[in-house]
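> Below, each chain spelled out in residue letters.
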Amino acid sequence: DAKTTQPTSMDCAEGRAANLPCNHSTISGNEYVYWYRQIHSQGPQYIIHGLKNNETNEMASLIITEDRKSSTLILPHATLRDTAVYYCIVRVASSNDYKLSFGAGTTVTVRA
Amino acid sequence: GAVVSQHPSWVICKSGTSVKIECRSLDFQATTMFWYRQFPKQSLMLMATSNEGSKATYEQGVEKDKFLINHASLTLSTLTVTSAHPEDSSFYICSANRPGGGEAFFGQGTRLTVV
Chain W
1 DAKTTQPTSM
11 DCAEGRAANL
21 PCNHSTISGN
31 EYVYWYRQIH
41 SQGPQYIIHG
51 LKNNETNEMA
61 SLIITEDRKS
71 STLILPHATL
81 RDTAVYYCIV
91 RVASSNDYKL
101 SFGAGTTVTV
111 RA
Chain C
1 GAVVSQHPSW
11 VICKSGTSVK
21 IECRSLDFQA
31 TTMFWYRQFP
41 KQSLMLMATS
51 NEGSKATYEQ
61 GVEKDKFLIN
71 HASLTLSTLT
81 VTSAHPEDSS
91 FYICSANRPG
101 GGEAFFGQGT
111 RLTVV
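Respectively, the protein sequence lines represent chains W and C. Just so we're aligned: 18 in the numbering used here is position 18 of the first sequence, and the numbers increase by one with no gaps anywhere. Just so we're aligned: 8 in the numbering used here is position 8 of the second sequence, and the numbers increase by one with no gaps anywhere.
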């Protein structure tokens, strides 16, 4: 599996956009970029995923560079409830039994 | 609503006893489920892959005789921590992948405390 690198922590102001970077320079052509987050004492929550095009849903936007070696998760208007650990994971999406490997993630703290 | 549900959310047990944790896939059939363990201030560590109708696949360093996994139906996997010790106290989380290779859904986790 391709390895990902994320900053250890990040602070952002409530109401502002939060931009979370992720490096995945060894990503393979058939690997997708997935983002999950884990709020304290809960199971991880799926946010978004993409292959090469930018993606947007009700939670966030995902910007993937043209060479696919890095990506940015954007929370457009951060709220206090977005405080969590955010994980960037690359995986092949073709198999139901594909297991996820979690790194340390980025601890995001949204401040009022 | 929850797509994958775990029960119980928390449990306290005495050393030497066994504890069973259930993981149910509510919206889809899951031939494969996964069990993770998370210690405080650490990331999730995959323990094993639960396979419906066959033996689980354990990650290196995880004792299969201590962490018994049963996946008897397409919607239910159970993890039994046998002869629990205080060092088994942890947050246990299960997940299942949506059929077709989509996103993984996680249970809410089970906080196990062994006293």
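Because the hints were derived from the structure by calculation, they are not lab data. Even glycine gets a Cβ: it sits at the ideal position worked out from N, Cα and C. Treat each hint with caution, since some may be false.
Claimed, not checked - So the derived list for chain C, only partly shown, Cβ under 10 Å to chain W, looks like this:
1. 39
2. 66
3. 70
4. 73
5. 113
Said to hold, decoys possible - Derived Cβ-Cβ restraints for the label pairs, each shown as a range:
6. W:63 to C:16: 25 to 35 Å
7. C:100 to W:39: 37 to 47 Å
8. C:68 to W:40: 36 to 46 Å
9. C:68 to W:98: 41 to 51 Å
10. C:74 to W:26: 28 to 38 Å
11. W:13 to C:82: 41 to 51 Å
12. W:41 to C:29: 37 to 47 Å
13. W:72 to C:15: 21 to 31 Å
> When the hints from earlier in the document are held up against this structure, which numbers fail?
Those not satisfied are hints 1, 2, 3, 4, 5, 6, 7, 8, 9, 12 and 13.
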